[in-house]
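Enquirer: So the sequence lines, in the order shown, correspond to chains A and B.
When we follow this note's numbering, the leftmost residue of the first sequence carries the number 1, and every step to the right adds one.
When we follow this note's numbering, the leftmost residue of the second sequence carries the number 1001, and every step to the right adds one.
Honestly, the hints are just simulated from the structure, not real lab data.
Where a beta carbon is used, it is the ideal one built from N, C-alpha and C, also for glycine.
Check each hint, because a few of them may be wrong.
[Unchecked claim] Below, in silico cross-link-like pairs of lysine to aspartate or glutamate (EDC-like), each with a Cα-Cα straight-line distance of 20 angstroms or less:
{"no.": "1", "chain 1": "B", "residue 1": "Lys-1105", "chain 2": "B", "residue 2": "Glu-1094"}
{"no.": "2", "chain 1": "B", "residue 1": "Lys-1073", "chain 2": "A", "residue 2": "Asp-120"}
{"no.": "3", "chain 1": "A", "residue 1": "Lys-5", "chain 2": "B", "residue 2": "Glu-1094"}
{"no.": "4", "chain 1": "A", "residue 1": "Lys-5", "chain 2": "A", "residue 2": "Glu-22"}
{"no.": "5", "chain 1": "B", "residue 1": "Lys-1048", "chain 2": "A", "residue 2": "Glu-22"}
{"no.": "6", "chain 1": "B", "residue 1": "Lys-1046", "chain 2": "A", "residue 2": "Glu-22"}
{"no.": "7", "chain 1": "A", "residue 1": "Lys-99", "chain 2": "A", "residue 2": "Asp-192"}
[What the hints assert, rightly or not] Restraint-style ranges between C-beta atoms, simulated for each label pair:
{"no.": "8", "chain 1": "B", "residue 1": "Ile-1038", "chain 2": "A", "residue 2": "Thr-105", "range": "55 to 61 angstroms"}
{"no.": "9", "chain 1": "B", "residue 1": "Ile-1033", "chain 2": "A", "residue 2": "Ile-24", "range": "55 to 61 angstroms"}
{"no.": "10", "chain 1": "A", "residue 1": "Arg-35", "chain 2": "B", "residue 2": "Ile-1009", "range": "28 to 34 angstroms"}
{"no.": "11", "chain 1": "A", "residue 1": "Ser-80", "chain 2": "B", "residue 2": "Ser-1069", "range": "34 to 40 angstroms"}
{"no.": "12", "chain 1": "B", "residue 1": "Ser-1055", "chain 2": "A", "residue 2": "Ile-43", "range": "17 to 23 angstroms"}
{"no.": "13", "chain 1": "A", "residue 1": "Ile-43", "chain 2": "B", "residue 2": "Ser-1056", "range": "21 to 27 angstroms"}
{"no.": "14", "chain 1": "B", "residue 1": "Ile-1009", "chain 2": "A", "residue 2": "Leu-4", "range": "34 to 40 angstroms"}
{"no.": "15", "chain 1": "B", "residue 1": "Ile-1080", "chain 2": "A", "residue 2": "Ile-43", "range": "39 to 45 angstroms"}
{"no.": "16", "chain 1": "A", "residue 1": "Thr-78", "chain 2": "B", "residue 2": "Ser-1056", "range": "25 to 31 angstroms"}
{"no.": "17", "chain 1": "A", "residue 1": "Ile-24", "chain 2": "B", "residue 2": "Lys-1099", "range": "32 to 38 angstroms"}
{"no.": "18", "chain 1": "A", "residue 1": "Tyr-194", "chain 2": "B", "residue 2": "Ile-1080", "range": "51 to 57 angstroms"}
{"no.": "19", "chain 1": "A", "residue 1": "Leu-93", "chain 2": "B", "residue 2": "Asp-1121", "range": "21 to 27 angstroms"}
{"no.": "20", "chain 1": "A", "residue 1": "Tyr-194", "chain 2": "B", "residue 2": "Tyr-1049", "range": "51 to 57 angstroms"}
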Amino acid sequence: MDFLKNWAVNIVILTVFVALLEIILPSSTMKKYIRVIIGFLIIIVIINPFIKLFDNYIKIEKEVFANLTKGGEFDKKTKSSFISENNERILKLYKQNLKRSIEETLRKRTKYITEVIEIDIIENRKKENYGYIREIKLLVKEKNNEPYVDKNDNHIKVNQIDEVKISIGDSKKSNKKADEVKLNSILNVLTDSYSIPKEKIYIYMSDE
Amino acid sequence: MEIIQVVGIGIIATVLAILLKQQKPEMAIHISIVTGLIIFLFVVTKLKYVVDFLSSLADRINIDFIYFSTILKVIGIAYIAEFGAQVSRDAGEEAIASKIELAGKILIMVLAIPIMTALIDLIVKIMS
């Protein structure tokens, strides 16, 4: 009984639908053609339950799709544009994931957090080294000593405070040296885990 | 009251076109084309509302969305072809207008063919 009800509802809604369509139809020679197609639609709606009655395996949607792919040959241009769009999306996602992973490793294995990452990768699909990192620029900042809160853990972990060293002498020079050491640690981590050559990595320290 | 705006634009353009027709007939054609475009664009934005309602209605029918989008595409093609044909007809290019209409008809038929062949296949299957 349920399918009868469905059928009736379908026919009623379709009738309303067609009545509305008739209003917005342009009043010209085109009207005939649209009416033919609407007629097909009505036939399909009316015939639908009978198809189920005779054969469970016929699906009209499938038939239309099959015929659509046959006629789809002339749509090559849209297909190629679709592929290029897709490729772009893949590239974007790849870059995003790479950035996130670099951020994560640096946060875990060094004392720095990254503020800005710029990655330049080889985007030419035809090249053999597609996806290789051409150049990477980092803006890093020293990790604040503010407690790092794990999202899954309500306890607050207090990071150990580094020993405070006071040195007398040419403070500027030692600072520079210290910076170099720090940068080297980042470089090492990056080359270790991503096997990026050192000369392709540019690191800038944030002043804050 | 959009209808007043549309009719206002139409009447002004008509008067201008008539006045200009004696002195410069080619300007009259320009005016009619531009007016047609303005009114067309004006209404096309409103049409979105109607289309949304129709799509909500189509969602309720247990029928694939593909039919609905086909019909909407057909109506869109019909409108655009009609518009182009009328503009060319206004400019006195009857031949171009009929070619535009022909193109519209062919494109509509191309869209309708999948539904048609599917229907025929189904009927043949049921009969056999």
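Enquirer: Indicate, hint by hint, whether the structure satisfies it.
Expert: Tested hints:
1. Lys-1105/B x Glu-1094/B: Roughly 17 angstroms between the alpha carbons, so the hint for Lys-1105/B and Glu-1094/B holds.
2. Lys-1073/B x Asp-120/A: violated, 42 angstroms
3. Lys-5/A x Glu-1094/B: violated, 51 angstroms
4. Lys-5/A x Glu-22/A: violated, 26 angstroms
5. Lys-1048/B x Glu-22/A: holds, 16 angstroms
6. Lys-1046/B x Glu-22/A: The given pair, whose Cα atoms are some 17 angstroms apart, holds under the 20 angstroms limit.
7. Lys-99/A x Asp-192/A: holds, 16 angstroms
8. Ile-1038/B x Thr-105/A: 55 to 61 angstroms: holds, 59 angstroms
9. Ile-1033/B x Ile-24/A: 55 to 61 angstroms: Given about 23 angstroms between the Cβ atoms, the range is violated.
10. Arg-35/A x Ile-1009/B: 28 to 34 angstroms: holds, 31 angstroms
11. Ser-80/A x Ser-1069/B: 34 to 40 angstroms: violated, 22 angstroms
12. Ser-1055/B x Ile-43/A: 17 to 23 angstroms: holds, 22 angstroms
13. Ile-43/A x Ser-1056/B: 21 to 27 angstroms: holds, 24 angstroms
14. Ile-1009/B x Leu-4/A: 34 to 40 angstroms: violated, 52 angstroms
15. Ile-1080/B x Ile-43/A: 39 to 45 angstroms: violated, 27 angstroms
16. Thr-78/A x Ser-1056/B: 25 to 31 angstroms: Given range 25 to 31 angstroms: holds, Cβ gap about 27 angstroms.
17. Ile-24/A x Lys-1099/B: 32 to 38 angstroms: Violated - the Cβ-Cβ distance for Ile-24/A and Lys-1099/B, about 25 angstroms, lies outside 32 to 38 angstroms.
18. Tyr-194/A x Ile-1080/B: 51 to 57 angstroms: With a Cβ separation near 53 angstroms, Tyr-194/A and Ile-1080/B satisfy 51 to 57 angstroms, so the hint holds.
19. Leu-93/A x Asp-1121/B: 21 to 27 angstroms: violated, 41 angstroms
20. Tyr-194/A x Tyr-1049/B: 51 to 57 angstroms: holds, 52 angstroms
The structure does not agree with the numbered hints 2, 3, 4, 9, 11, 14, 15, 17 and 19 stated previously, though it agrees with the rest.
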